[in-house]
Amino acid sequence: MNYSNVLTTCPYCGAGCNLYLEVLDGKVVGTLPCKTDIISEGKLCIKGWNAHSFINHPDRLTKPLVKKDGKFHETKWEEALRSVADNLTKIKGKYGPNSIALLSSAKCTNEENYLVQKFARSVIGTNNVDHCARL
Amino acid sequence: MDTNAFKPKVLVFTCNWCSYAGADLAGVSRLQIKPYFRVIRTMCSGRVNPELVLEALAKGADGVLVLGCHLGDCHYITGNHRAIKRMAMLRKLLEHFGISSLRVKLDFVSAGEAQRFQSVVSNFIDGIIALGPNPLK
Amino acid sequence: MKDKLRKIIDEWLETKKVDGVVGLTEEKENIKPHLFQKGDTSFIALTPKYPLASVMMLLQEHYPEKRFGIIARECDIRAMVELHKREKKIDIERVDIIGIACTKKEVEECACDFPYPHMAEVIVGEKIEIETKNLSVDRLLNMELNERLFFWKYQFDKCMKCYGCRNACPLCICSECVLEDDLWVKGGRIPPPFPLFHLIRAVHTSGRCIGCGECEKACPMDIPLTTLYTLLRNNVKELFDYNAGIELDKEIPLLTTLDETPMKEEG
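Residue numbers (this note's numbering), protein chains in the order written: chain A, 1 to 135; chain B, 1 to 137; chain C, 1 to 267.
Pulled out of the complex, with its shape left as it was, chain A reads as follows (with noise of 0.2 Å):
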C-alpha cells in the first residue's frame, strides 16, 4: 500500500507555486494544493489543478517519430536528430535563415529556453524565437 504527497514546483508559469502530487502505488493521480507554500498560500490556478494531467495523458509523446511516407514511424533518437538536422541546413540552405522558426515552451526550464534561443540566433542566423506565453 503506496500513498504520498510528493511537493513540486508547478512547471507552467513564473509564479512558481508549490503543490503536491498525490501519487498512489507509483502512478501520480491527483494534486493537492500546499498550505504552508509562502507563494502560494494553498491556492491554486486552473493550470496548476491540471498539473498532473499531462504526466500520463495518451496524446504525449513518448519515442521520437519521424515522417516516412505520410506517416509517422518510432525511430532511435540518432536517427531523429539527424534527420532533423539535414533538413533544416537543407532548408537553411535553400530558402536562408528566416524561413526557419522556433517555439518553445513554459514548461522547459530557463537553461533550456537560453539554449533555443541561442541555437536559433547563433547556430541558425535567425531572430525568428517565440513561447508559448506570448500566443
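I should point out that these hints are in silico values taken from the structure, not numbers from a laboratory. C-beta atoms are modelled at their ideal positions from N, C-alpha and C, and glycine is treated no differently. Keep in mind that the hints are not guaranteed to be accurate.
Said to hold, decoys possible - Estimated spans, in silico, between C-beta atoms of each pair: (1) A:Ala80 <-> C:Pro64: 38 to 48 Å; (2) C:Cys174 <-> B:Ile40: 21 to 31 Å; (3) A:Ser4 <-> C:Asp3: 16 to 26 Å; (4) C:Glu61 <-> B:Ile77: 30 to 40 Å; (5) C:Gln37 <-> A:Pro58: 42 to 52 Å.
Could you slot chains B and C onto chain A? The hints should help.
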C-alpha cells in the same frame, strides 16, 4: 395604452400531461391573458432543472413560472415532489443573491383547469410588472 | 494531544485493527496528508487542515479490502457521513475514526456550528462551547436586495474560473461536472458570465455542503463563498430539518419524495 410601460418577458414551463393541456384548453376557450409570456412544454415539472430557470433569468427573462400537476396526480408519480423541493431551495438562493424570489414560482394546474391557468398566469404577470425589469439585464 | 494520537495510532497499527491511518505529517516545514503505516515514525501534524475525506475516498476506492483509520476533525467526519449516504463513495463502516477537537481560535476562524466530533471511536481534545457569530452572513442579511446583487456582482467579477472551489470540496464528486458542460458554462470567458457559474454551483451544493470552508480557502481571489453556502445550509435546515453530515440514517431531502422527507414550510 402607455407604450413606454414595462412589457415583461415571462417564461412558463408547463408539464406535458396536466398544465400544457390546461393551457391548451384555455386557448381553445378563448380566455384572455396578457400576451407577455411564452410557453415551453416539458414532460414533467420535475424535469425542469435549476440551470434552466437560472439561464432564463440570466438571459433576461423577467419571471419564470413552472406549472406542474397537482400533488398525487403526476404522470411520473413523484416528479412534482422533486420540483417542489427544488424550487423552494432555488427561491431561497435567489433571495440571498439579490434577485427577488417572487420572480420564480411553482404552481399546479390540471388538464381541465383552463380558468385556473388564466388566473395563475395573469396574477404572476401582474406581480412581475409590479416588480419591474430583471436587475440582471 | 500529539503524544496521545501517536499512542493510539501505534496501538491500532500494531494490533492490526487498521491497515493504515490517514492524517497529516510535516516534511521540510510543509504540512501534507499522509498515510501512516506500521513502523512509520513520521511526525504527526494537526494544522493547517486539509480535506482528508477526499484522501479517504481515494484510498477506499483503490484498496477495497483494507481497513483504514483517520485522524479527523468534525468537518472531515461530516464529509465522510455525507459521502456514505451518496452511493457509498466512502464506506464509513470500514473506517475507524480518531476525532480531534478544534481549538478556540480555529472555531472562531471557521465560525463553525459543530466543532466537536460527533461520531468517533475515540476523541482527543477538549470540547469548546462558544457562540460563534458569522459577521459576513449577518452583514448580508441586513442588506437590501439590490445591495446584495451589487455585492455578489463585485465579488464574482473577481473569479478566474480556476475550479479551485470545486476541486477542493470533499462533496464535489460527480464524474461529469455540470460546470464543465459547454451547454451551461461556455468556455473561454473570464470572469465566467455572471451569475450562472456560481449560482449553478450553489444549487448543486445545496444539501451537500457540510461547512468545511475548503472552497473559500482554495479561492485565489478570496471570494467569500462560505457566506453564501452558510445561508444555503441554514435554508436546508429550515425547510427540511436536515443537517448535512450529522445524522447517518436521515435521508437526503432533495433526492426523496415529500412523503419520505417532508418540507416544513412553503417554499
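Verdict for Gln37 (chain C), Pro58 (chain A) (Cβ pair) under range 42 to 52 Å: violated (32 Å)
Range first: 21 to 31 Å. Now tell me if the beta carbons of Cys174 (chain C) and Ile40 (chain B) are that far apart. Check passed, 26 Å falls within 21 to 31 Å.
Could you say whether the range 38 to 48 Å given as a hint is met by the Cβ separation of Ala80 (chain A) and Pro64 (chain C)? holds (44 Å)
Taking 30 to 40 Å as the hint, is the beta-carbon distance of Glu61 (chain C) and Ile77 (chain B) inside that range? holds (34 Å)
For the hint 16 to 26 Å, verify it against the beta carbon of Ser4 (chain A) and that of Asp3 (chain C). holds (24 Å)
Checked against the numbered hints above, the structure breaks only hint 5 and satisfies the rest.
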